[in-house]
Amino acid sequence: MGKTLDINIHHLTRVEGHGNIIVRASDGKVEKCHLQIVETPRVFESMICGLSWRDTAMLTCRICGICSVGHTTASIQATDDAFGLKLTPEVLALRKLMLLAEEIQSHVLHVYFLAAPDALGAGSVLPLASSHPEVVKRALRMKKVGNVICDAVAGRHVHPIALVPGGFTHVPSKKDLKKVQDYILMLNDDVDATVETVAAIGGAFPKFEREREDVSLTHPDEYAFYNGQLKSSKTGVHDIHDYAKVIHEFCVEHSTSKHVRNVDACLAVGALSRFNNNAAQLNDRGQAAAKKLGLKAPCYNPYYNNLAQTVEIAHFYDEAVKLMDQIMKMDLTEATLAPNVTPKAGRGIGLTEVPRGLLVHDYTYDEKGVCTKANCIIPTGMNLANIDHDMQKYVPEVINTRTQDQIGHDLEMLVRSYDPCISCSVHLLKVDWV
Amino acid sequence: MAKPRVSFHDFTSCEGCQLQVLNCEDELLGIVGAVDIVNFREAIDEKSDEYDIAFIEGAFTRESDRKRLEHIRKCAKIVVALGACACTGGLNVLKNFRGIDESMKKVYGEAASWYETSPALPIEAAIKVDVKINGCPIPKQEFLEVVKSVLAGRTPQIPDYPVCVECKLRENVCLFQKGEYCMGVVAKAGCNAWCPSYGGRCYACRGLITDFNKNAAKDVLAEYGLTLEQVMAEFRMFNGVFPVAEPPADGALKS
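These protein sequence lines are chains R and X, in that order. Quick note on the numbering used here: the first sequence kicks off at 4 and runs consecutively. Quick note on the numbering used here: the second sequence kicks off at 8 and runs consecutively.
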């Protein structure tokens, strides 16, 4: 007689939003195995219709507090695109700096606060405050960089104020920016220490592989994060305006967030997908971190998304140092930063890489600049089908060698590795206005 | 004396206000030392029904959540509504103006009937709330003020005067004088005029001051050829629960 499993992890912890893990197996055979998304429907694409272009990013950045800058970035890129706005190098530099700030802050939060406790056998970061105080203080110091940068440039990180279509509504002073630069430079040793810490716990992640389709942006001149073209490891490079040819959405009953597929039954986005698609373009510090962590592209172990995030912390940190240096030499004034927007009828698309992966905002405006149609596709939504397929391969592989509790714990870690942002993912779906 | 047990809960929201709590990097270890955090699903595993202070983030948007809210109320001595979604329903209320069934159908198509939802409301529609920390997101300083007050057993100092007061103190050029307009005249202060100080308009994300002087507000707006109804409708994003924010006759927001 084979083994029976009945796992129901209600409201999974240390993830953003509400999800349950459901596994049922009898006589050694898996009957049901998926991540249930029970977040309340939020219907952003309905709420956005009728809003002015001035308010669209204000609304959609509130899809998620953690990726607020990422949502704002994709949103204002879509509006820039719809109205044909040209950006100055100063605007571009500050936008990129804010996005780098969010990537670093979010990865640090995930690696130290949400994932590391698993590897160190703790239920949260709280016990680590007394057992590993230096590590926790370092994590807080590094996480703070996101706030230090975004506070100075756009007023705050959660729902940034000055980051708008076409430019910025606030000119940061050189004095404030100097403080930001000093703060960034102060973290230099912390970056190396982070790689060391993760290298020390990297062995705690299960050895599991499932080949997958990696989807991310790619850019000829850099490790893509702000913009670029759309790359699939299966179907090659596409113009971002053709995103619907790669990202196909569909509803499933066990999730208030839609699932996504391309050629196979699922696809993956996120730090590991970016790494798999663009590892050759990492800077020296990113390359060194990958080497230290033993991460090689393509890597098909989803648990190693934590390692890819660590590689990106190192890479993005050096990019932020370089960019900050350029920004200090720039002429930041109302003339170079203030938005100059004339609305016109049309459709615009913004694709950007946010901490959890590719993000799509697609808006249609009427001639007054009122939004008439919108579609947002969120990285966690894109990963949900992939997570289900990982779980469905993993459980049969270990069903006879691990206990029910161990398997439940492994699956929690698996879901957590994707760094899911569930409240973000619920609402996505395409809206067709008739 | 035993340390107070603190609990965090979330309903329909972006969880940005809980992130604002984690964003108190310099004070976080101090807070963790002064209280026992027993529920914080976003950050810890422990789940407990024994707590003194419950912070609730998010709006009440489906009937089946009422039980969870009532359970929290029963367990906690003090319930704190954390952020705009919990205090006023926040931007979730916009969907009430778009038609619930219509919104669900537009987003989920044929599959709309699989999922449960109802009009978005403040959590006060389901349970009694003792303290409100307004804002989208909450200002960190107000969260810290509330924590300190609750620990010291005193009433938190939360302003009940308009954002204009703080905006003037910061010496910002008034948006009305720049040919713009905003909600500062009637919006609850406490954010230190956050948005106007960074070139944004005040949307009154912290809600309206109690018993605001409607006639004075109307006079100020009239000077610029505006009516209160017009301005409330334009900035309905955070204030859909207030009766004055009726949808305009043409059913669309003014651009």
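It should be emphasised that the hints constitute simulated quantities derived from the structure, not laboratory data. Keep in mind the model is a prediction, meaning the values are calculated, not measured. Hints are not guaranteed to be accurate.
[Unchecked claim] Calculated lysine-lysine pairs in the DSS-like style (CA-CA distance at most 30 Å, straight line):
{"id": "1", "chain 1": "R", "residue 1": "Lys147", "chain 2": "X", "residue 2": "Lys155"}
{"id": "2", "chain 1": "R", "residue 1": "Lys178", "chain 2": "X", "residue 2": "Lys147"}
{"id": "3", "chain 1": "R", "residue 1": "Lys178", "chain 2": "X", "residue 2": "Lys175"}
Tell me the hint numbers this structure goes against, listed in increasing order. No hint contradicted; all consistent.
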